[in-house]
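Enquirer: Need the complex rebuilt from these two chains, each delivered in its own frame; the hints are there to steer you.
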Amino acid sequence: MLKHEHATGACFPLETEVACAQDIRVVYRPPLAPAKTAIVTASLRLARGASLGIVGPNGAGKTTLLRVLAGLIRPVSGDVRVLGLDPARERHQLMRRTGVLLSGTRHFPERWTVGDALRFTAAFYGREALARIPELVEIFGLGDKTRQQITTLSLGNRQRLSLAAVFVHDPDIVLLDEPTLALDAETVETFASFLRGRLRQGKSAIVTSHDHAVLGRLVDDALVIDNGITRVPERPLDSYARLLIFTDRPVRASLPPEVKVVGERLEMPNDPRLMARVLDRLDAEGVEVVEMRTRSGVEAVAAGSKGGIQ
Amino acid sequence: MKQLLYVAWIKIRTDLAEQTRYPVQFVFGLLTTGAMLWGLGIAAARTSGQSTETGALATFIAMGAVSLFYLIPRALAGGKDHPPEEAMLYPYPLSRLVGALAAVSAVQIGAGLAGIYLLASLVVTRSAPAAGYVLAAMALALFSVAGAGLLVFALKLVFRKVDSVAMLAQLALFALAFAPTLDRSWVAAVPLAGAIRWLRQPDLPAWPVAFFALLWLAAGLWAVARAERAVVDRGVAAYG
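Quick note, the sequences are listed as chains A and B, same order. Start counting at 1 in the first sequence, then tack on 34, and there's your number in my numbering. Start counting at 1 in the second sequence, then tack on 56, and there's your number in my numbering.
Worth flagging that the hints you see were computed from the coordinates, not collected in a lab. All residues carry an ideal CB built from backbone N, CA and C; glycine is no exception. Fair warning: there could be bad hints in the mix.
Which residues of chain A face chain B? A partial, calculated answer using Cβ under 7 Å [stated by the list, open to error]:
1. R59
2. Y62
3. P64
4. P68
5. L106
6. R108
7. L119
8. A122
9. V134
10. H141
11. W146
12. D150
13. F158
14. R161
Excised from the complex, chain B in its bound form (with noise of 0.2 Å):
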């Protein structure tokens, strides 16, 4: 697993390297997140009643998850860059490989969102937020939304056109992080719904978040090596 971290942070790094070749575009990419998506938090802390650093943080914990969501399925079977035909060259289980992909990149997301909150927030706020708090809020959130990306990951290795389903898949999670259902206890099963739920209301526990995090997570994993050896049995990678 350590040499597998190591391969997806190559990618990323390599990926960072060619976003940072153009600095100004890169700067001001992360500026224009920044403020969009405060933005939008004192927007939807106004609909909710929230505070402005709650509703806000919302809103870059939401957008960090369904970056993550969007991202799994597209890590290996997305454009030329490695069909999955390819990937599957690569000595391990495309569970691992996709599993170590996500990983790596929940920590670049999480860490780059949270901290252009807290930048944003000393900014506006001229107080530091609680790093911990934000940190494991955006934790907590994208554990919940790894497995949801591997089953869409999984469905997209067999039957390849599922990018409307993914889209569809990514708006309802969006929606459901910020509808008034909130307040169900079931929520904690939802992806990112459940804590979004807890970054509200920190009062509650938020093992079950965790839990249920793991239960999609160990149905993604499991999705994704069923899917492998339907690709292998249906020859579906190179069918194309």
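One chain only, chain A, in its complex shape (with noise of 0.2 Å):
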């Protein structure tokens, strides 16, 4: 897997990497109005079978990467490569491989049903898609709504309809914006798992997402882009999820170093041994502890670039 790793010069064709964008800048040039650059410089990397987060806050670029990267936009300058094909250049080729969800959502006609929604977009894929629309109505908890019309149909179930257009043709890659908008837990769970065993198959994701819990649970890597401009995480992921412990009152144990303390806050390196520890010397203290979790790599990553704790 290539990891945290700045490419120098344009992206090489290899046989183990799946993307790859090298100092790619964007502008946005619509017909009479004024042009404006929607990234500076962003690089990424990514290997077969890999999922990458992409985090920062709103307006940062995220969804303009993702565009980059299905062939909607040419970059002014840099070199991207998906597939081993040029986007722009060859989107209709990368098609046919890629699943590709924007702003967290597919459009059908309202009155369709899902079946015609699912049927008319396995239908530019050829029979082998149209085949697998049954395995995705299950998938996605849409078996008894395949007659229903999507006028009627709830946030949620929108949402899990765009999910399964995505992968009607089995895509090597998928680039998806925000594709957990409105979906309880057990279907973000469900996706969750749909999506790494795909990445175990040999295919790849990237995602963007808001919520930084969820997308922790998504990917295995992250990039964070902020103003335009991409950043790697300067450690592996997993060396940046943390425990936090809520505590009844202001700890005044000594703790050890890798404890920050922060007022009722404590937060720490994910390592039962160390937590052990620290849950002893707050018994001996006589602090309560009021809630504990975890928090993700992703999730410290994209605190650390609002300038939060890291």
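Expert: Below is the structure:
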């Protein structure tokens, strides 16, 4: 897996690499309107069977980066390769092997049924895609809704339909922008498990989400983008994972140096032995634990990008 | 192309199934369309000195052509059904996608309106018109406006706010098709008007109309391909 490396020069098609963007700059240039730079400089690499989460504040350039990888925008400079293809020039070939979800949804005519929408999408890719519909309908819990009109679907069920449409042609790589919008916790788990299964089969994914806790369950690696500039975390993502302990009062006991104390909150590496030591000391001091939870590496990296604690 | 035609057929069949979900309105729509167009045809025939059947057929054909011209720019870029950006995520160039959709729509519109005309004619005149002549005139008219529709699609793709221009072009097509200038030879190059002229004077050769329709179609397909490139170069699809 190609992790945490700043590539230099152009993208070279590697057997193990499915996506590469190198020093790209993107400017929106609508006719009769002023140009706007969306990405100042961005680079990323993704290995086959790997997943990458893109995190950053609103307007940082996350969706634009996905659009570039999908071939919807040609960067004014830099190099991009996805599955060995130039997305802007060879988008049609690329789309045969790529699934894309932008702004969290796929639009279909409201009066179509769920089955109509999936059949229409699958028909672009041939009989194998059409044959895959029943399986996807089951995975995304749409089995009892195939004859239901889209206009009658809840937001969550529309999102399930959008996701099923993205995977209908069993793409080698998926570019997912906010895939879990409006999904309930159970469906998020099902989707995470489905995505992980695909990664094990050698498929790849690039995902953006504002819900960093969920994103942490979907991806193995993260890339920060802010003000149109990408930044690779300095260490492997796992090392950013944290355990948070909230106590009933400020802690005065002497704690191991890895533990950061901020008022009634303790933050430490997600290490069971360290946790046991800390809990012992808290117990000795009579401090009660109010809440304990983990924070994934993605959450920590995203919090870091906003100036939070890492 | 075969697969794309299948996709277009699925879309149109699905739209049609949605319409036929309300059978009373569907039948009422067919009846009122037939009656209204036949009535307009009678008026057109009286002002132009044509026979009632020819006047009515001209109105049916004009309606078909203008409907197709209206539909093409909205086939993929209208509303939120399939915004251009999403249509670009399908594994085909937009020109082929919208071309296939336009072709199937043309068949659907042509067959529908020609069918209504034949039935209306049978009911009103108690005699069946020459189906080949009706279908040929309808096909020529639809073919003649396809390129112009694709040109508007291309403009809409890049500039977005061109609905008023498209509406004006639609009115111009209709007006030219029934204008006194119909006797001039250059009318063969004008979408719809050339086909109406041939309809009124079937002894004239149809090939100049078909030739110019082909030129319009080539220009339209080229414009869509060029617009798709411009959209990618400028990031317009996302810019909405």
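Enquirer: Does each hint hold? Answer for all of them.
Expert: Status of each hint after checking the structure:
1. The interface hint given for R59/A is broken, as the beta carbon of that residue sits about 12 Å from the closest beta carbon of chain B, more than 7 Å.
2. Annotation: Y62/A was flagged as interfacial toward chain B, and the flag holds, the nearest CB pair being 4 Å apart, inside 7 Å.
3. Hint status for P64/A relative to chain B: holds, with the closest Cβ pair at about 5 Å, below 7 Å.
4. At its closest, the beta carbon of P68/A sits 11 Å from a beta carbon of chain B; the interface hint therefore is violated under the 7 Å criterion.
5. At about 6 Å, the closest approach between the beta carbon of L106/A and any beta carbon in chain B falls short of 7 Å, and the interface hint on this residue holds.
6. Taking 7 Å as the C-beta contact cut-off toward chain B, the hint placing R108/A at the interface holds, the least distance being around 5 Å.
7. Contact between L119/A and chain B, as hinted, is not supported at the beta carbon level, the nearest pair being about 12 Å apart and thus beyond 7 Å.
8. A cut of 7 Å between beta carbons decides the hint on A122/A: the least distance to chain B is about 5 Å, and the hint holds.
9. With 7 Å as the threshold, the beta carbon of V134/A comes within range of chain B, its nearest partner Cβ sitting at about 5 Å, so the hint holds.
10. Because the smallest distance between the Cβ of H141/A and any Cβ of chain B comes to about 5 Å, under 7 Å, the interface hint for this residue holds.
11. Hint status for W146/A: holds, given a least beta-carbon distance of 6 Å to chain B, under 7 Å.
12. Annotation: D150/A was flagged as interfacial toward chain B, and the flag holds, the nearest CB pair being 5 Å apart, inside 7 Å.
13. A hinted interface residue such as F158/A counts as satisfied when its beta carbon comes closer than 7 Å to some beta carbon of chain B; here the least separation is about 5 Å, so the hint holds.
14. The interface hint given for R161/A is violated, since its Cβ lies 10 Å from the closest Cβ of chain B, which is over the 7 Å cut-off.
Of the numbered hints stated above, those contradicted by the structure are hints 1, 4, 7 and 14, listed in ascending order.
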